[in-house]
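Enquirer: From first to last, the protein sequence lines are chains A and B.
Okay, so the first sequence: first residue is 1 according to the UniProt record's numbering, each after it adds one.
Okay, so the second sequence: first residue is 1 according to the UniProt record's numbering, each after it adds one.
Keep in mind that the hints were calculated from the coordinates and are not lab data.
A portion of the hints provided could be inaccurate.
Copies of one chain are not kept apart here, so a pair can be met inside one copy or by any two copies together.
[To be verified] Straight-line Cα separation of at most 27 Å, DSSO-like style, residue types lysine-lysine; simulated pairs:
1) K273 / K247
2) K71 / K247
3) K220 / K273
4) K347 / K126
5) K87 / K300
6) K211 / K273
7) K220 / K94
There are 2 protein chains.
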Amino acid sequence: MIENKAFIYKSIPDGWPVPGQDLTVEDIGFDENAPPPKGGFTTKNYYVAYDPSQRGRMRDPSIQSYSPAMKTGEPVISVSVIGKVLKSDDPAIKEGQIVMLQGSGSESYSAKDESAVKTTQIIEPKEGVPLTAYLGLLGMTGMTAYGSLHEIGQPKKGDVILISAAAGAVGQMVGQIAVREGLHVIGSVGDDRKLDFILHDLKFTSGFNYKKESIADAVKRLAPEGIDIFYDNVGGELLDVALANMKVFGRIIACGSISTYNNAKDTTPYGVKNYAAMVRRRLRWQGFLVFDPNIAQWRKERDENVTEWIQDGSFKSVDHITEGMDNAVQGFLGMLKGQNLGKSILKIADPE
Amino acid sequence: MIENKAFIYKSIPDGWPVPGQDLTVEDIGFDENAPPPKGGFTTKNYYVAYDPSQRGRMRDPSIQSYSPAMKTGEPVISVSVIGKVLKSDDPAIKEGQIVMLQGSGSESYSAKDESAVKTTQIIEPKEGVPLTAYLGLLGMTGMTAYGSLHEIGQPKKGDVILISAAAGAVGQMVGQIAVREGLHVIGSVGDDRKLDFILHDLKFTSGFNYKKESIADAVKRLAPEGIDIFYDNVGGELLDVALANMKVFGRIIACGSISTYNNAKDTTPYGVKNYAAMVRRRLRWQGFLVFDPNIAQWRKERDENVTEWIQDGSFKSVDHITEGMDNAVQGFLGMLKGQNLGKSILKIADPE
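Build out the structure end to end from the sequences listed, making use of the hints.
Expert: Okay, structure coming up:
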């Protein structure tokens with residue numbers, strides 16, 4: 001047995017997860033001499049993606065949602081984990097290959113049974129494309145942004161798009177695509193460092209810090225003619241202000257409502273009041289999941305375009321890397337609290 | 001000059017319109033000896049349709065919406081007015097024909113200029129089809145119901161549909177179509193007479209009186225597996241409860257939010273809290289206007305089917321007729337307050 005540090009989901013949080021109580025780091029052990037599971041394989045892991053949707057899975061299992069509740073006492077499930085194959089009992093997965101595991105535990109070593117083989121993606125390293133890009137722009141986050149913006153948002157050159165959590169993993173990608181496609185791109189962020197990032201690094205048309213200015217004033221000032229597309233990662237007051245400022249036939253892409261995720265049981269979420277605009281302005285408001293067929297159909301186009309854009313340097317992926325499993329809990333909370341710039345990633349070990 | 005009683009919009013209401021202050025009935029006169037306007041025609045009117053959307057046009061003209069604000073001091077604009085042509089200066093419109101005027105004043109006699117010709121519909125009376133049907137099932141109300149249910153709702157046999165204001169003009173038609181197409185049809189109404197009507201006359205699967213039972217309890221009881229389609233005429237609490245009970249990929253048809261129309265300026269509308277379901281259940285929520293091309297494309301199918309269903313007696317149109325222009329104000333308020341069963345119509349005179 002060798003040490004296998006893992007980020008553990010200990011108990012169902014009520015409101016913000018409490019370090020040491022709801023979330024811990026523990027050694028769950030790994031038998032490096034055991035054969036791989038029958039038809040499966042084992043990995044040494046390098047990177048684990050953090051994602052706001054993980055918080056939604058830390059819930060009472062009796063509450064239904066699109067993905068099952070996580071099990072307490074086990075490693076936190078991550079949408080994507082990148083590692084190297086140590087041993088394999090499947091002919092398609094070879095020792096030494098770099099793989100991306102989907103919906104896998106946040107742990108230093110993994111033993112996967114044959115059921116994991118079909119969702120495991122073998123990564124062929126490409127010149128100029130860092131491995132972490134497969135957790136962000138070229139991973140689920142990137143598919144989320146690329147697929148939903150095109151499928152639900154139907155962007156046209158000159159459209160005004162407002163993006164909430166604009167410096168976040170999805171927001172920065174949506175914004176960069178929109179800039180490329182000639183939209184008027186407005187970002188909402190919660191600190192000045194992020195505002196500087198979206199304006200100067202990502203070349204958004206404009207943006208505002210919602211902690212420094214009234215949201216209603218900022219939207220009126222930056223989109224005086226109204227909004228064609230609202231890309232919503234947050235919910236809450238900004239959603240309400242956006243509703244009041246949508247143009248006729250506007251589209252609202254419901255990607256997330258992070259403002260509601262950490263509400264304690266007795267908290268009343270922000271009540272949206274301007275929904276009469278749905279009728280008055282004939283809006284379309286639509287939710288999705290990255291695996292839905294209408295979203296997933298954009299995969300090939302995304303893979304080709306985004307790989308090219310990363311390689312030619314025109315697309316930026318800014319990642320927030322938390323170094324080492326010992327810091328896993330604080331990295332996760334930093335993402336939930338909006339302190340991280342770009343895609344939040346936990347680095348377990350240097351790729352060899 | 002002869003008497004021409006009209007339903008007049010006197011001043012912008014703040015909250016519920018006040019009879020005698022915001023709305024009155026006045027004689028605006030009609031010169032029966034004058035020629036028709038150049039290229040236009042004159043009518044003696046029989047029926048005027050009431051519609052909740054009229055309230056939305058009684059607003060400060062600086063507030064933009066899909067239809068222009070009404071002008072104070074003039075007759076209340078109605079979506080549809082049915083009358084007989086008295087004199088005509090247009091070759092396509094002949095004396096004695098029955099016509100439907102669109103967006104015309106609520107008045108006993110009308111003089112229409114040539115700009116009205118292209119929106120005027122000549123009605124060919126059909127055996128077994130009452131004239132009032134052209135204000136309801138075969139009018140804009142019917143198009144609203146038929147087009148939006150099919151275009152946005154995408155109903156499939158066995159789907160569970162919840163309809164708010166189910167005994168109202170649009171609601172009763174949506175429900176009857178849904179029953180015909182094999183859906184599980186649940187209606188929400190505000191009194192027991194309406195509940196009896198939707199259950200026994202219209203053959204809805206089930207229904208509830210939201211004034212007698214908690215909405216949340218009623219929806220859980222009648223749709224324990226959740227809702228596929230929510231047809232929303234009302235907004236408010238029922239919308240919030242519906243959001244919490246939508247199935248994955250559910251559709252919300254945003255037809256109206258009558259619960260917000262009569263809010264005074266200082267009233268805070270009901271705040272919808274369960275919008276995180278838009279993301280979690282991948283819902284689509286869409287507003288529309290009956291003139292939008294995607295809705296209007298259902299017109300031919302509606303005309304054919306609904307005429308047949310009225311003639312064979314399988315489709316019921318229950319109208320609430322207010323008798324006489326003197327009662328115009330109370331008929332309008334009755335509609336806004338939900339006291340009328342079915343399509344609200346003002347009868348000015350018996351057809352001759």
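Enquirer: Hint by hint, say whether it matches the structure.
Expert: Cross-check of the supplied hints:
no., hint, verdict
1, K273 / K247, "both (17 Å within a copy, 23 Å between copies)"
2, K71 / K247, "between (44 Å within a copy, 24 Å between copies)"
3, K220 / K273, "both (18 Å within a copy, 24 Å between copies)"
4, K347 / K126, "within (20 Å within a copy, 76 Å between copies)"
5, K87 / K300, "neither (30 Å within a copy, 65 Å between copies)"
6, K211 / K273, "both (21 Å within a copy, 22 Å between copies)"
7, K220 / K94, "neither (56 Å within a copy, 51 Å between copies)"
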